[in-house]
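Once you've looked at the hints, dock chain B against the given chain A.
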Amino acid sequence: MSSASSLSWFVRHEVRLAWREWIAMLTGGRRGRKRAALIGLVAFAALMHLPAYAVIGRFAGLEMPLDKSSLIVMTATLALAWALMLSQAIESVTRVFYARADLDLIMSSPVRLANIFSVRIAAIALSVTSMALLFSTPFVDVLVFAGGARWFAAFGVVIAIGLSAAAAAIAVTLILFRVIGPSRTRLVAQILAAIVGAGFVIALQVAAILSYGTLSRFAVLTSDVAADFAPNADSLIWWPARAVLGDSEALLLLLAGSLVMLGAVMTIFSPRFADTAIGVSASGTSSRAGLRAGPFRRASRQQALRRKEFLLLRRDPWLMSQSLMQLLYLVPPALLLWRSFSDSSAAIMLVTPVMVMAAGQLAGGLAWLTISGEDAADLVATAPLPPASVIRAKIEVVLIAIAAIFAPLVAALAFASLMQAVVTALGVIIATVSATAIQLWFRVQARRSQFRRRQTSSRIATFAEAFSSIGWAATSALALAVPVAALLSGLMTSVVMAATWRISPRKG
Amino acid sequence: MTRSEAALEVRGLTKRFDRLAVDALDLSVRRGEFYALLGPNGAGKTTTLRMVAGLLLPDAGSVHVAGIDALADPVAAKQVMAWVSDEPMIYDKLTPLEYLEFIAGLWGIDAASAESSAHELLASLGLESHLHERCEGFSKGMRQKVALAGALVHAPQLIILDEPLTGLDALSARHVKGLLQARVRAGCTVIMTTHILEVAERMADRIGVIAAGRLIAEGTLDELRQRDGRNDTLEDMFIALVDEAAAA
Chain A
3 MSSASSLSWF
13 VRHEVRLAWR
23 EWIAMLTGGR
33 RGRKRAALIG
43 LVAFAALMHL
53 PAYAVIGRFA
63 GLEMPLDKSS
73 LIVMTATLAL
83 AWALMLSQAI
93 ESVTRVFYAR
103 ADLDLIMSSP
113 VRLANIFSVR
123 IAAIALSVTS
133 MALLFSTPFV
143 DVLVFAGGAR
153 WFAAFGVVIA
163 IGLSAAAAAI
173 AVTLILFRVI
183 GPSRTRLVAQ
193 ILAAIVGAGF
203 VIALQVAAIL
213 SYGTLSRFAV
223 LTSDVAADFA
233 PNADSLIWWP
243 ARAVLGDSEA
253 LLLLLAGSLV
263 MLGAVMTIFS
273 PRFADTAIGV
283 SASGTSSRAG
293 LRAGPFRRAS
303 RQQALRRKEF
313 LLLRRDPWLM
323 SQSLMQLLYL
333 VPPALLLWRS
343 FSDSSAAIML
353 VTPVMVMAAG
363 QLAGGLAWLT
373 ISGEDAADLV
383 ATAPLPPASV
393 IRAKIEVVLI
403 AIAAIFAPLV
413 AALAFASLMQ
423 AVVTALGVII
433 ATVSATAIQL
443 WFRVQARRSQ
453 FRRRQTSSRI
463 ATFAEAFSSI
473 GWAATSALAL
483 AVPVAALLSG
493 LMTSVVMAAT
503 WRISPRKG
Chain B
83 MTRSEAALEV
93 RGLTKRFDRL
103 AVDALDLSVR
113 RGEFYALLGP
123 NGAGKTTTLR
133 MVAGLLLPDA
143 GSVHVAGIDA
153 LADPVAAKQV
163 MAWVSDEPMI
173 YDKLTPLEYL
183 EFIAGLWGID
193 AASAESSAHE
203 LLASLGLESH
213 LHERCEGFSK
223 GMRQKVALAG
233 ALVHAPQLII
243 LDEPLTGLDA
253 LSARHVKGLL
263 QARVRAGCTV
273 IMTTHILEVA
283 ERMADRIGVI
293 AAGRLIAEGT
303 LDELRQRDGR
313 NDTLEDMFIA
323 LVDEAAAA
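Read top to bottom, the protein sequences are chains A and B. Residues in the first sequence are numbered from 3 upward in steps of one, following our numbering. Residues in the second sequence are numbered from 83 upward in steps of one, following our numbering.
This is chain A alone, in the form it adopts within the complex (with noise of 0.2 Å):
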């Protein structure tokens, strides 16, 4: 086979792949159901275009020339969008490295590897880009639709951001693994991951918060200080948002430098792809020394599923960005909460659904790792002690773990107001709960290393979840604000609640 065309075979092979892959993804793995799939996807799809117009709509009739701040707003917007694709990136090239399918495969198969991998990396590239445009076709229709046809340059504008954002993964990804090596950089890079989605929008809320007091982000943006400190309207900054407007030189510009970007990356690093995949290959075969244990521990039996759950959380990469993430989540609160304190500011309020529903959040995914994600489940099945007191064992590593999390800041809240700490505090024990009960209720079997595809397992438990979360959040932040609303909002998710359990295999 010539070089040329064993590239064009393993180009077809590698969007195979990437296709199978998604489908699984909407269809949770299970045969029979991509029709059913692809009709929830395009509904799905049709209902985003309704909360796309409550926030875009009214941005709509935006032209050229635009005023500082508008332009501030504009290009903010487009970089937190760069910033969640390439933390979306940042995850998929670990991925690659790790989940090592078929790099034995390739690298043993008689083709050049610079090649390969240069396919490899544009695939990732294409995926991050196309999962970036389903997001954005729902808003960019909007603008289309009210806006005029000139709005069809965000589509490229999105493009950009993608191949770019794809790019700078890999050269971050790889250098992480020459700086720091393999086996640290898969939970190094999670963490980056994790604090480049969140950090963008974490920052300007902080930044309003120590400037206005505010937890929104648009009073920085929006501010003469941002405006004063904005470059020229000339400048090569607002090119993206000039090339959303219709700009097309703008737009080819960015297009051009994306993919020049993205080229340099491929040029640069594919011959290294292959050493990089060897290098995690070989820190997969040494193990990693723990710290020498000390002498085994008198427990009972309760006490070692415990004392063993809490090992492997405090051992889970995935779960420690995930968790990060959410501790970073809740630094807006707590810096608000903070600033309270010399400041009676009514936004302090805002503390208490942001925490409910981080605790519903975090509850779900250590109730997944603890319940589902049990690696030697035949070896608990077959320990002598009864099945409820194992679960019950794993229910309480969840509920220690997330009282530890969140009693000193209900502690903090306490001083600010007493009420509302009781609130926050009972509105975090529902949601974790609920969270909890929804997990055991729709548990299978699963190793831990499948946690990040937990939500295709199940869409209605994932679905619960959230609704679960977000209405506890609803319900504790009313019942400070509008009590006899927060019992209507009380009285819908306990519904949702129900309704799940009524649907859910585990009932009874």
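These are computed hints drawn from the structure, not numbers from a lab. The beta carbon of each residue, even a glycine, is placed where N, CA and C say it ideally should be. Just so you know, not all the hints are guaranteed correct.
Chain A regions said to be covered by chain B (calculated; three or more residues, Cβ under 8 Å) [to be verified]:
| id | stretch |
| --- | --- |
| 1 | 296-310 |
| 2 | 369-381 |
| 3 | 386-396 |
| 4 | 411-424 |
Result set (SDA-like, lysine to any residue): computed pairs, CA atoms no more than 25 Å apart in a straight line [what the hints assert, rightly or not]:
| id | chain 1 | residue 1 | chain 2 | residue 2 |
| --- | --- | --- | --- | --- |
| 5 | A | Lys-36 | A | Ile-108 |
| 6 | B | Lys-222 | A | Ala-383 |
| 7 | B | Lys-222 | A | Arg-449 |
| 8 | A | Lys-70 | A | Ile-197 |
| 9 | B | Lys-222 | A | Ala-379 |
| 10 | B | Lys-222 | A | Asp-377 |
| 11 | B | Lys-259 | B | Leu-247 |
| 12 | B | Lys-222 | A | Arg-317 |
| 13 | A | Lys-36 | A | Ala-47 |
| 14 | B | Lys-222 | B | Asp-174 |
| 15 | B | Lys-222 | A | Phe-453 |
| 16 | B | Lys-222 | A | Gln-447 |
| 17 | B | Lys-259 | B | Asp-325 |
| 18 | B | Lys-259 | B | Pro-122 |
| 19 | B | Lys-222 | A | Leu-326 |
| 20 | A | Lys-70 | A | Ala-47 |
| 21 | B | Lys-259 | B | Gly-143 |
| 22 | B | Lys-222 | A | Asp-380 |
| 23 | B | Lys-222 | B | Gly-260 |
| 24 | A | Lys-70 | A | Ile-58 |
| 25 | B | Lys-259 | B | Ala-88 |
| 26 | B | Lys-222 | A | Ser-225 |
| 27 | B | Lys-222 | A | Trp-84 |
| 28 | B | Lys-222 | A | Ala-148 |
| 29 | B | Lys-222 | A | Ile-58 |
| 30 | B | Lys-259 | B | Gly-114 |
| 31 | B | Lys-259 | A | Asp-380 |
| 32 | A | Lys-70 | A | Arg-14 |
| 33 | A | Lys-70 | A | Asp-236 |
| 34 | A | Lys-36 | A | Ile-58 |
| 35 | B | Lys-222 | A | Arg-97 |
| 36 | B | Lys-222 | A | Ser-451 |
Relative to the frame of chain A, chain B by itself:
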């Protein structure tokens, strides 16, 4: 053999999935016996052993482990039993010592004696230089040895092993076989499935052959030869028995 003399007594054990996997199986294994359960792929060996270990509920039948009714009192039965499958059941993020400490805790074994037993077991399996390394980088053989150490650390009366030698190199396989024989000499009962017939031939006190969910032959190697009427190898006898069962 009375129920109290048997390490394992199975009567009328039945399990159906889309087809009948285990068909009213009767099986008795004496205390201190090394019993090899042989059979072609899909014969029902693993299903049988999973029901004995409490991992699957039978549709019908009874299971007694060391005189304990395993269906009526599964916790008591599990206390005296260990299960090792061909896929090692270990945690990547734990070290072998942490794993054994966890198992000792689950089985309620005294911490001090479990610790000395853990060190002894891991050393005898050639893992003494890996005690403090996480299992994530271990080879299949090393993982299997850790799983086996886990099964032995709580000193079970009955050890059930499903293809325990899969993926082990010759030296590791010898270590494992030596360890199992030592346990049998100490009065422990071992039930093992294997496709390596030489292992069954050399190690087993008695051999059972299962096909289509039924026990089609059982006995010592000599008894099986007498039944066969020829001085065949176990491999020849096994193939003849399975062919006979398939034709019936």
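Which of the numbered hints above does this structure break? 4, 5, 8, 17, 19, 20, 21, 26, 27, 28, 29, 32 and 34
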